[in-house]
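Enquirer: With chain S's structure known, arrange chain B on it following the hints.
Order-wise, the sequence lines are chains S and B.
Counting in my numbering, the first sequence runs without a single skipped number right up to 287 at its last residue.
Counting in my numbering, the second sequence runs without a single skipped number right up to 1349 at its last residue.
Simulated from the structure, these hints should not be mistaken for lab results.
Be aware that one or more of the hints could be misleading.
With a straight-line Cα cutoff of 20 Å, these simulated SDA-like cross-link-like pairs (lysine to any residue) come out [as the list claims (entries may be wrong)]:
1. S:Lys186 x B:Asp1211
2. S:Lys89 x B:Asn1214
3. B:Lys1139 x S:Glu260
4. B:Lys1139 x S:Leu257
5. S:Lys186 x S:Ile158
6. S:Lys186 x S:Leu257
7. S:Lys186 x S:Pro93
8. S:Lys89 x B:Lys1139
9. S:Lys186 x S:Asn212
What the simulated footprint calls covered on chain B by chain S, stretch by stretch (three residues with Cβ under 8 Å from a Cβ of chain S suffice, anywhere in the stretch; the number is not a length) [said to hold, decoys possible]:
10. 1112–1118
11. 1314–1325
If the Cβ cut is set under 8 Å, some of the chain S residues that face chain B in the computed set are [to be verified]:
12. Leu36
13. Arg85
14. Val86
15. Ile91
16. Leu92
17. Pro93
18. Leu95
19. Gly100
20. Ala104
21. Asn107
22. Gly108
23. Leu110
24. Phe226
25. Phe270
26. Pro278
27. Leu281
We treat Cβ as the ideally placed atom computed from N, Cα and C, and that holds for glycine.
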Amino acid sequence: MIWLDVLVQGILLGGLYALFAAGLSLVFGIMRLVNLAHGDLIIFAAFAILLITGSTGLNPFLAALLAAPLMFAAGWALQRFVLNRVLGKDILPPLLVTFGLSVALQNGMLEAFSADSQRLTAGPLESASIDLGPVTVGTLPLLTFASAVLVIFALNRIFYTTGLGRAFRAVSDDPTTASLMGINPKSVFAIATGLAMVIVTIAALYLGMRSNFDPSIGPARLLYAFQAVIIGGLGSLWGTLAGGAIIGVAQTFGAQLNPEWQILAGHIAFLIVLLIRPRGLFPRAVD
Amino acid sequence: MAYTVTTRTRAGRIAGVIALFLIALALILPAFASRSLIQDLFFILTMLTLAQLWNLIAGFGGMVSVGQQAFVGIGAYAMFGGVILMGWDPIPAILIGGLAAFLLAIPMAYFAFRLAGAYFAIGTWVIAEVARLLIAQWKTLGGGTGTSLPREATSDIIGVEAIANLFGLRDAAARDVLAYWLALALAVGTMAAIYALLRSRTGLALAAVRDNDNAARSVGVNAARVKWLVFLAAAAMTGLVGALIYVQTARISPDAAFSVTTWTAYVIFIAVIGGIGRLEGPILGVLVFWGLQTAFADYGSWYLLALGCLAIATMLFAPSGLWGLIHDRTGIALFPVQRRLILEGAIDG
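Bound conformation, chain S alone:
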């Protein structure tokens, strides 16, 4: 039954990757911006939660609740004062700005928090598990996966049933026409990036409780997020969950065969999907 166990672990790990990916996908869907600093922002949020737990003694969940509005504000300001200025037909300026931000964030965190590995301590939750008949799963991975489902469900509700969601879809389709209808695309973009940073905070919470983190591991998280988005198909949030699960399963199977192959197996699964289904498994958007 070891392989069934590996499969379940992989799918649950995929929940974490879907959380990494949801924010990236949201921002790309609305403004065609690929944020190369996305992974570093996840690590930044993890350090923010760590700082709050350290100074107030709160547990990580409550600390994340406090960090979320701060991250929303940071995302809003980043979009409002920096990224909105470089968005345009040319994809080069926003890519280079976010790449510069990635390098700056990594090294800023290195100065502020040192290269030491950190971890968010979740007490008894870390080792708790639930017996599901043939397999026993950790409570924390299960909670991570459930949160990913919840986040994607909530995002879909926002997109298709609220006024804000209508504004998101409108500026995504055509910012110029949307602005004729009284929507200011730039402030909608700022809210979207703020929202993406709230999801980043949730991702950071589970990342920090699951494993060690340090300032250098951001770019790898960006790659997993990106792979989940592409495997899922652009524009499909549920597809992103499936994409995350595929990367997760490939990684746990790879690690089972040889611990050195964990990351490589995830990358290769991504390349195979890209080879067979270039537009992903559940493509929705045309671009």
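Expert: The following block gives chain B in isolation, referenced to the frame of chain S:
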């Protein structure tokens, strides 16, 4: 009315003459320059070449690659493979580096060109990671910890003895001179090739594809072919530079040879600060970068933090870089690639 289309300018002709003079000076420099100057120039020339190649694919071709470290790394490792496994002399083994990077670029382009818009960038990064992880599995070449060039291989590199005798240098210094000359040849060759390409029909096609893929195809440009051609050529050249850098370093590890900071972030910063999409940009950029590196590299992560912020500020306030500012004020183009219409009777400016 009769007219001609030209890219020539007077500033361009003067710059051409000065460039030839500088190249001649650079060639004879080892006769009187100190060893540390030669080593600094080696660093400047190799980083300049990498920045020009990235500028070619991203600035002129619109393909923003964040995976250039793949070509540096695979080029360097292929050179090591040629020396350690096949017993080649390191200098000819550099050519294997270029070939290996070319071969890696084929699957990379195949996968990355399938990705929409800006996702191309992360796609190239993924392939570079795959290459790094695979190379780290190759135990004969040191696996994850890396290896050094064997002493026998570095002690009798072709030409080193002749240079040592010519300038009265010790072997180590003569090796630096040889590496410097090769770096000079690669830098000059790369820039001349890019300049010639941009002035040719293919260069015009490349700019058209960058500015509007659909419009370019509608007037008969084979967009895919142009992109493939430029991407593969730039990759092969990047591999040659990577191999040359590691002939000089003589010690390799997957983390260093596939470092995204050194071979892509630095290279992008050079092009951004100097000016993207202009041949003059990386030249100015590499001088600024070398100055910053010499003055502040000891500050480690503070230095990188500042460099990242400088790149962001440049993109926000002077997106065409330092050379763009100069060009806007004076209109000077040292390597003019812009087509201008000259009406009959008008004076060539």
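Enquirer: With reference to the structure, classify each hint as holding or not holding.
Expert: We went through each hint and held it up to the structure:
1. S:Lys186 x B:Asp1211: violated, 24 Å
2. S:Lys89 x B:Asn1214: Holds - the C-alpha atoms of Asn1214 of chain B and Lys89 of chain S are around 14 Å apart, at most 20 Å.
3. B:Lys1139 x S:Glu260: holds, 13 Å
4. B:Lys1139 x S:Leu257: holds, 18 Å
5. S:Lys186 x S:Ile158: Measuring from Cα to Cα gives roughly 19 Å; hence the hint holds.
6. S:Lys186 x S:Leu257: Judged against 20 Å, a Cα distance of about 48 Å means the pair is violated.
7. S:Lys186 x S:Pro93: Since the Cα atoms of Lys186 of chain S and Pro93 of chain S sit roughly 17 Å apart, the hinted pair holds (cutoff 20 Å).
8. S:Lys89 x B:Lys1139: Measuring from Cα to Cα gives roughly 46 Å; hence the hint is violated.
9. S:Lys186 x S:Asn212: Violated: Lys186 of chain S and Asn212 of chain S sit about 37 Å apart, past 20 Å.
10. 1112–1118: holds (count 5)
11. 1314–1325: Held - the region 1314–1325 of chain B has 3 residues with a Cβ nearer than 8 Å to chain S, which meets the minimum of three.
12. Leu36: Holds. Min distance 7 Å.
13. Arg85: Status holds, d = 6 Å.
14. Val86: holds, 6 Å
15. Ile91: holds, 5 Å
16. Leu92: Cβ of Leu92 of chain S sits 6 Å from chain B, so the hint holds.
17. Pro93: holds, 5 Å
18. Leu95: holds, 5 Å
19. Gly100: holds, 4 Å
20. Ala104: holds, 3 Å
21. Asn107: holds, 4 Å
22. Gly108: holds, 5 Å
23. Leu110: It holds, given that the least Cβ distance between Leu110 of chain S and chain B is near 4 Å, below 8 Å.
24. Phe226: holds, 4 Å
25. Phe270: holds, 7 Å
26. Pro278: Hint on Pro278 of chain S: holds, closest Cβ of chain B at ~4 Å, below 8 Å.
27. Leu281: This interface hint is violated because 14 Å lies over the 8 Å limit.
Checked against the numbered hints above, the structure violates hints 1, 6, 8, 9 and 27; every other hint is satisfied.
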